[in-house]
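Visitor: Residue numbers (my numbering), protein chains in the order written: chain L, 1 to 166; chain B, 1001 to 1103; chain V, 2001 to 2385; chain F, 3001 to 3393.
Be aware that one or more of the hints could be misleading.
If you want the footprint, here are the derived chain B segments under chain L, 3+ residues with CB under 8 Å [to be verified]:
1. 1007-1013
2. 1019-1027
3. 1036-1048
4. 1054-1064
5. 1073-1080
Keep in mind that the hints were calculated from the coordinates and are not lab data. Ideal placement from N, C-alpha and C gives every residue a C-beta, glycine not left out.
Residue strings, one per chain:
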Amino acid sequence: MSIVFFILAALTITGTAAAMALRNAVHCILALTLGFVGLAALYLQLGAQFVGFTQIMVYIGAVAILAVFAIMMTRSAGPHPQPAFSRTWRTGTLIAVIVFAVLAYAISHTTLAPATLPQPEVTVNQIGDTLMHQYALPLEILGLLLTAALIGAVIVAMPAKQEAPQ
Amino acid sequence: MNPLTTCLLLSALLFSIGLAGALSRRNAILVLVGIELMLNAANLNFIAFWRYGPNPAALTGVMFTLFSIGIAAAEAAVGLGIILAVYRHTKSTDLDHMNSLKG
Amino acid sequence: MSTLTLDPIAAKASLLKKDGGQLLEVSMGPQHPSTHGVFRMDVVLDGENVVKLKPIFGYLHRNHEKIAEDETYLGSMPYTDRLDYFCSITNNWAYALAVESLAGIEVPERAQYIRVITAELTRLQNHASLVGFLMQDMGASGTPLMYAFREREKILDLFESLTGARMMCNYMRFGGCRVDLPTGWLDQAKKVVAAFPKFLDEFENLLVSNEILMARTQGVGIIPAELIVNAGITGPLLRASGVNYDLRKVDKYGIYDRFTFRVPLGDHGDVYDRYMIRILEMRESVKILEQAMRDIPEGPFTDPKTKVRNFRPKPGEAYGRIEAPKGELGFYLISDGSPNPYRYRVRPPSLINLTVLEEMCLNRNIADVVIILGSVDIVMGEVDR
Amino acid sequence: MTTPDTIDQIFVITKHWLLGYVPAPLQPIASAILSVLPVMGVFPLLFAITTVLERKGLGRIQNRYGPNRVGPAGFWQPAADGIKSLTKEDVVPRNADQIVHFLAPIVLVIASFIVYAVLPIGRNMVITDLNSGLLYFFAVGSMVELSVFMAGWSSHSKYSLLGAMRATAQMISYEIPLVLAAVVVIMATGSLSTVTIVNAQTGYTMGFPHWFVFTPWGFAGFILFMIAATAESNRSPFDLPEGESEIIAGYYIEYSGFKFALFFLGEYLGMFATSGLAITLFLGGWAAPFSFLTWIPSYFWFFAKLLVIIGVFIWVRGTLPRLRQDQLMGFAWKFMLPMTLLNVFVAAAWHFLPTGIIRWAVCTALLVIPFIVFSMGLKQNKKLQVRTYRFAE
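Produce the complete structure using the sequences and hints provided.
Guide: Written as structure tokens, this is what we have:
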């Protein structure tokens, strides 16, 4: 476990924590992209190059941009900005802390023996082969899902047609 | 502490951050972001298990993560679409205002 | 969340859409590259669509009419240059026409011809640069504008050698013109005019069948003929909407009845028509110029009987109007017999053509607003006076 | 090694020679620095040259001279511009989001720089030959959108907000055709590595190169890629996000001084990068156009092709008016997307059809007919036509 890993981990945690804690929604998303970059770098660090780049492309190039777009489109028109956190934020945070405690306890009390293999070399061709042979059906289903999601999102977000004048 | 445990702890922390955000933010978009973070924590787990697992050549973790990212993209698109539709109705992205299923 | 606060005006106008979205009030101008001077439009946008547009002007107000009432008749002549500073000579002519009809002055033959020549040259350079500006507003990074300005330069050089000034010509006088044509001027002018159709061909090759241009201009900023007549709009805008009204034909002021030329008419009344009408008008102007330069007689260039000093027209009123490049430019004068007019009023085509701006721009894109304004052809010196 | 080879590899040899003086543990870092520094130097220099070329080229198109005062033929103009932008006051609007406003140009320049990591600018001259190089390129390229959004949003100006919305919408829409146009090359080479893609195009038949642009799908892909690249780099006629006559300068309206210069730099770097990628994908990268010209060093060919593409960009900018937002979007979704998808199909057909004239005919027909149909559709939708006018006597 190198020092690079810990730097990237710190970056990821800082980014995501800021994303969940900042008041300004756009700042949140920008912090989130920082977290996503950290996460992608972690993937690279772990030898999953393809996943890392896909992470950047999908999460920063699409999800984060979509989110800021949605924030821009739902700009609150009221004079007073709404409070950033819900009334029950203490409960929520408490639950999260408990969950983390349980998980951390479970992880640290499980004996995991990682295989100390050298960094696996994954080429894009391998991924492509696996996708096209072993995982061909899931891939097709995912394609279908994405198409359905695209159409669904468009239909859901489309402004309702104005009723014909009576 | 071995590298796998570190990764898992990191992903647990990431998951908790996402959970805390999803439970405590008012803005629906940020709640969605919190859920995305939880998904990402799971992805990290998959990658870590793949990397330190016995058979990295099988690419199972990578595949699962790729599919998960694809599904996350679909989820984000539909989720944001729904938020936009709800916003058009309630004029707000505040989840505390979305307290009825009826229009 | 949003830190964009609403302007007070916008808040008053209740800028909330029915579906909860927020409208954006943008102040386009007075410092904006496409408002052709210090013009301001208060635009309310839904996304990029215009839902409300309020033209605001007066930034260049110079009290022209009131100053002219404290000035002798001749003293106002240089002032008229500054109205539509692109076309000072036609401004001069309209004013001279008003004073001439007030005082009953005859204009000698040669002076009439000179007036037509200079006025049509003015029309050429105005239309050419307008089309260039329109392209500039469309984002053509200056190439058509520079082409147009190259031709304009030649005409301005002609003006300079004739009047001593490139833009503020101050050339006309009551009963004629200030100076006679210098020797060789006509030959030079003939050369410029002969080269002009070539430039127009080049311009049309570059632009007329350009698909982006057609997509940007066709069907944009339509004014129906009825509205345009009711709004009192004149000039190329009116003719682009299909109304046959050209003062050169209607009034036949000056000696325009001696020339054969046609009046191009549009059928759609959109930006493309306005743009094409101007190009076609330039071709007709070239025809007029050729005829005028062929027929120009020798003789006095100004009416020698007209008093320059102590010029006091009889009490009365008069309205002189011409077909300026931008529309009907009129001067209304009331004389009480004193050396300065009792009332001096300008009918500026630019201002009156602006009145339907909102109707043209509603539900259009912000990019359309810019080219619609460009197609109206305004000069703020004339709008604000 | 023959002399042309030495000249071709001179930079690689120099690097290895220099690396010999570095102690072994530091060699990876030193190697990285030695690879990155030239790129960091050359492309900003190219940016400087391009600004002059662009202004001079536009000037010539427009019957004027362009800059000709500073230095010989005005070629020190970028230095003067640089000094000017450095010494100008850095104005930040009072209501601006200071941190984001500050970060936006930096993010843009960083994102524009790091895409060069996978661009092969000569034989053996690439910073890193990533196995998923193209994916890296597009992934990092998508970060540019974020910086543009940051700039537009943080300025808290309505014009910049409009510009940012335009820019993000445009860049998202054109990223899809951009990637899809590149997919055909991935299909042909079976690799995402830029080096492999270039190597696949280095052969010659009867002196003519094996560039992908000389196939029906490659040609269509190249054109589509260049259109999408023009839109991605916000160049005319897709320069709506700047739209200087409409929204004045769009997302960077509130920037001044050096930050403005950084935006300029970032934009040009992005343009070079996408042009460089187009060269890599379709124009044979650093390969010479004819087999008898292979003695000219490979990096020369890369930059020569880059300059040609930049010249085309300048030419287009001096010629065409700008589109409108809805037309831009319509063009992306109704023309670019179907054409790129179709092109993917054609590339597959090309792969499976037997070599010969039939393959050419089928693939060309498959591309040309839909092209005509789509463009007719685009035109007829708007009822565009050259009109005739009536005259009153």
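Visitor: Are the hints correct? Go through all of them and say.
Guide: Now for the hints, and whether the structure bears them out:
1. 1007-1013: holds (count 6)
2. 1019-1027: With 9 residues close enough to chain L, the hint holds.
3. 1036-1048: Contact hint for the stretch 1036-1048 of chain B vs chain L: holds, 7 residues under 8 Å.
4. 1054-1064: holds (count 7)
5. 1073-1080: Held - the stretch 1073-1080 of chain B has 7 residues with a Cβ nearer than 8 Å to chain L, which meets the minimum of three.
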